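Chain by chain, the residues:
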Amino acid sequence: MPTTTIAGREIHVDDDGFMTEYDEWNEDLAKELAAAIGIGDLTDGHWKAINFLREDYKEQGETATLRRVTASGGIPTKELFQLFPKKPARKMSYVAGLPKPVGCV
Amino acid sequence: MQRLVVIGAGTAGTMVVNKLRPVLGDWHITIVDPATEHHYQPGYLFVPFGTYQPNEVVKKTTEFIPEGVEFRNVAVERVESAANTVHLADGSTLEYDQLVVATGTHPAPEETPGLDGPAMGKTVHHFYSLEAATALADALGGFTGGKLVVNLIDLPIKCPVAPLEFTFLAESFFHERGIRDDVEITYVTPLEGAFTKPVASRTLGGLLQSKGIEVEPDFYLERVDGDEGKLWSYDEREVDFDLLVTVPLNFGAGFLADSDLPIDELRHIKVDHGNFLVDGTENVFAVGDAANLPTSKAGSVAHFAIDVFTENFVEHISGRPMHEAFDGHANCYIESGHGKALLIDFNYDTQPLPGKFPLPGVGPFSLLEETEMNHVGKMMFKWMYWNILLRGKDLPVSSAMTLAGKVTEGA
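Those sequence lines, one after another, are chains R and V.
Heads up: the first sequence begins at 1 in the working numbering, then just goes up one per residue.
Heads up: the second sequence begins at 106 in the working numbering, then just goes up one per residue.
Don't take each hint at face value.
Stated by the list, open to error - Straight-line distance between alpha carbons at most 20 Å, and here's what the computed EDC-like set of lysine to aspartate or glutamate pairs gives:
(1) Lys86(R) x Glu343(V)
(2) Lys87(R) x Glu474(V)
(3) Lys87(R) x Glu321(V)
(4) Lys78(R) x Glu341(V)
(5) Lys86(R) x Asp340(V)
(6) Lys498(V) x Glu168(V)
(7) Lys375(V) x Asp23(R)
(8) Lys78(R) x Asp323(V)
(9) Lys87(R) x Asp384(V)
(10) Lys445(V) x Glu474(V)
(11) Lys78(R) x Asp340(V)
(12) Lys375(V) x Glu59(R)
(13) Lys86(R) x Asp323(V)
(14) Lys100(R) x Asp369(V)
(15) Lys78(R) x Glu474(V)
(16) Lys78(R) x Glu297(V)
(17) Lys78(R) x Glu321(V)
(18) Lys78(R) x Glu216(V)
(19) Lys87(R) x Asp330(V)
(20) Lys78(R) x Asp454(V)
(21) Lys100(R) x Glu370(V)
(22) Lys100(R) x Asp454(V)
(23) Lys58(R) x Glu370(V)
(24) Lys31(R) x Asp44(R)
(25) Lys375(V) x Asp56(R)
(26) Lys511(V) x Glu474(V)
(27) Lys58(R) x Asp23(R)
(28) Lys58(R) x Asp369(V)
(29) Lys302(V) x Asp44(R)
(30) Lys302(V) x Asp15(R)
(31) Lys302(V) x Glu62(R)
(32) Lys78(R) x Asp330(V)
(33) Lys78(R) x Glu370(V)
If you are wondering where the hints come from, they were derived from the structure by calculation, not from laboratory data.
Just so it is clear, the structure is predicted and the values come from calculations on it, not from any experiment.
All chains should be modelled from the sequences, with the hints used to inform the complete structure.
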């Protein structure tokens, strides 16, 4: 697995730059990861999505799909597209330090 | 006497009873399904183009239920696994020692705003039921030109290559009718490209491009207006159409919402990906499209999976651990129009790769490459489905995927 250095810390990532170690993530890293994909400020709305994804991953063992974030996390899909423009499923999981959502088979 | 109940007499359920009847001795086996017709669902794709007539894809359900298996022609109301009981719509119940749920996944157009309106069947179509595919045949027959949009709403769906196949076949169909230049074809998808897996996505994306088909990627559909002929995404993009062929969201069977089995947001049942035991149970399995396996929902997958399931099930009821683990093997022909097709072969861990697919006696078939031979393979499959696959006989293809013949460099 390749590694990269963000915010002065070495982290494990996959070929697309998604973090692969759940426990290497923290909130400071999230801010750096968000900035790297053009999201300057993480608002309460962003954190609600990120925290849901982190908690859900811990319980389910896989990254929630967009549909699940809306259905179980209670965040409307429209809002997710405003918070994480164009590719919310990928961007959310990237910032939350989780593998890309699978489901796409 | 021990009792096995199988819910669903589609592809997976029918294979299960055919495989298990000979090995279950004096067990009483019951299969439950409200339908009296069994449809060859891969054939729906060909109905809109007149390649198959509707009656060619339908046979009687009971024709494929073996002797010694009781067929109950009734709907299920709910499963109460805590009491090992299936409640039926006629008010009666079935108690079981082992339960297999094989109720598939089904298009639910009503889940998307605009898809349940009066435009459905007129300017808005799908082809995931025989009725819808037949209506689409009429619409295509009368289509003289304009904007055709093929849209995938979200995954997972059954036969995930079918939307692409439909697009390729439509391109070919318009070409044959001499109106290709009058039709603008756009493929609108929530994915980043043509398909989910990178190597196949590049090949299929290249094919779309070479056939002059536009791709609108990252399009997550919010609503459809059939009268105005517009699709809207959640991020306010819009796409115009004269004729829309969409693939509705797919949901597991309705009774699962009222049952005590664990399901996901799309009512697919949560199972062990290796042996299909339903999470939190000891005597309930979910097979075929009904299960939330991270592989394609397709008859070929169900076939490979049920080979593994059968061996495991026999171990399980003898009180032994289940040895076999399913690898997610999928093997799908992709029609690309003009009498050709591609073949992809993959599993949970290995994406579809180019190369050759060895098939004793018939093959080899070319992987991820358009050939006429692959098209022949696809068309042969209907016969194989009715005569070999459903009846639980062996196909000359191993249930576990092999890397033999595949080119892994650069993948």
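Going through the hints against the structure:
1. Of the supplied pair hints, the one linking Lys86(R) and Glu343(V) holds, its CA atoms being roughly 14 Å apart against a limit of 20 Å.
2. For the suggested pair Lys87(R) and Glu474(V), the alpha carbons sit about 30 Å apart, so the restraint of at most 20 Å is broken.
3. At roughly 13 Å between alpha-carbon atoms, Lys87(R) and Glu321(V) fall within 20 Å of each other, so this suggested pair holds.
4. Distance hint between Lys78(R) and Glu341(V) is fulfilled; the C-alpha atoms sit about 9 Å from each other, no more than 20 Å.
5. With a CA separation close to 7 Å, the supplied pair Lys86(R) and Asp340(V) stays within the 20 Å bound.
6. Between Lys498(V) and Glu168(V) the CA atoms are separated by roughly 15 Å; this keeps the pair inside 20 Å, and the hint holds.
7. Proximity of Lys375(V) to Asp23(R) is assessed by CA-CA distance (about 26 Å); at most 20 Å being required, the pair is judged violated.
8. As the CA atoms of Lys78(R) and Asp323(V) are separated by approximately 14 Å, the hinted pair is consistent with the 20 Å bound.
9. A threshold of 20 Å between alpha carbons decides the hint, and for Lys87(R) with Asp384(V) the separation of about 31 Å lies outside it, so the pair is violated.
10. Taking the CA atoms of Lys445(V) and Glu474(V), the gap is near 9 Å; set against the 20 Å cutoff, the hint holds.
11. About 7 Å separates the Cα atoms of Lys78(R) and Asp340(V), which keeps this hinted pair within 20 Å; it holds.
12. Only pairs whose Cα atoms come within 20 Å are accepted, and Lys375(V) paired with Glu59(R) is accepted, the gap being roughly 14 Å.
13. For the suggested pair Lys86(R) and Asp323(V), the alpha carbons sit about 7 Å apart, so the restraint of at most 20 Å is met.
14. Under the criterion of a C-alpha separation no larger than 20 Å, the hint pairing Lys100(R) with Asp369(V) is consistent with the structure, at around 18 Å.
15. For the suggested pair Lys78(R) and Glu474(V), the alpha carbons sit about 39 Å apart, so the restraint of at most 20 Å is broken.
16. Under the criterion of a C-alpha separation no larger than 20 Å, the hint pairing Lys78(R) with Glu297(V) is consistent with the structure, at around 19 Å.
17. With a CA separation close to 19 Å, the supplied pair Lys78(R) and Glu321(V) stays within the 20 Å bound.
18. Proximity of Lys78(R) to Glu216(V) is assessed by CA-CA distance (about 16 Å); at most 20 Å being required, the pair is judged to hold.
19. A C-alpha spacing of about 24 Å is found between Lys87(R) and Asp330(V), which places the hinted pair above 20 Å, so the restraint is violated.
20. With a C-alpha separation of about 33 Å, the suggested pairing of Lys78(R) with Asp454(V) is violated against the 20 Å cut-off.
21. Restraint check: the Cα-Cα separation between Lys100(R) and Glu370(V) comes to about 18 Å, which is no more than 20 Å; the hinted pair holds.
22. Of the pairs offered as hints, the one joining Lys100(R) and Asp454(V) holds, with about 15 Å between alpha carbons and a cut-off of 20 Å not exceeded.
23. As the CA atoms of Lys58(R) and Glu370(V) are separated by approximately 18 Å, the hinted pair is consistent with the 20 Å bound.
24. At most 20 Å may separate the alpha-carbon atoms for a hinted pair to count; Lys31(R) and Asp44(R) meet this at roughly 13 Å.
25. At most 20 Å may separate the alpha-carbon atoms for a hinted pair to count; Lys375(V) and Asp56(R) meet this at roughly 15 Å.
26. Proximity of Lys511(V) to Glu474(V) is assessed by CA-CA distance (about 12 Å); at most 20 Å being required, the pair is judged to hold.
27. Of the supplied pair hints, the one linking Lys58(R) and Asp23(R) holds, its CA atoms being roughly 11 Å apart against a limit of 20 Å.
28. For the hint pairing Lys58(R) with Asp369(V), the CA-to-CA distance comes to about 16 Å; that is within 20 Å, so the pair holds.
29. Only pairs whose Cα atoms come within 20 Å are accepted, and Lys302(V) paired with Asp44(R) is rejected, the gap being roughly 34 Å.
30. At roughly 14 Å between alpha-carbon atoms, Lys302(V) and Asp15(R) fall within 20 Å of each other, so this suggested pair holds.
31. Taking the CA atoms of Lys302(V) and Glu62(R), the gap is near 18 Å; set against the 20 Å cutoff, the hint holds.
32. Between Lys78(R) and Asp330(V), the direct Cα distance comes to roughly 18 Å. Compliance with the 20 Å bound is thereby established for this hinted pair.
33. Between the alpha carbons of Lys78(R) and Glu370(V) the distance comes to roughly 18 Å, so the proposed pair stays at or under 20 Å and holds.
The structure shown violates the earlier hints numbered 2, 7, 9, 15, 19, 20 and 29.
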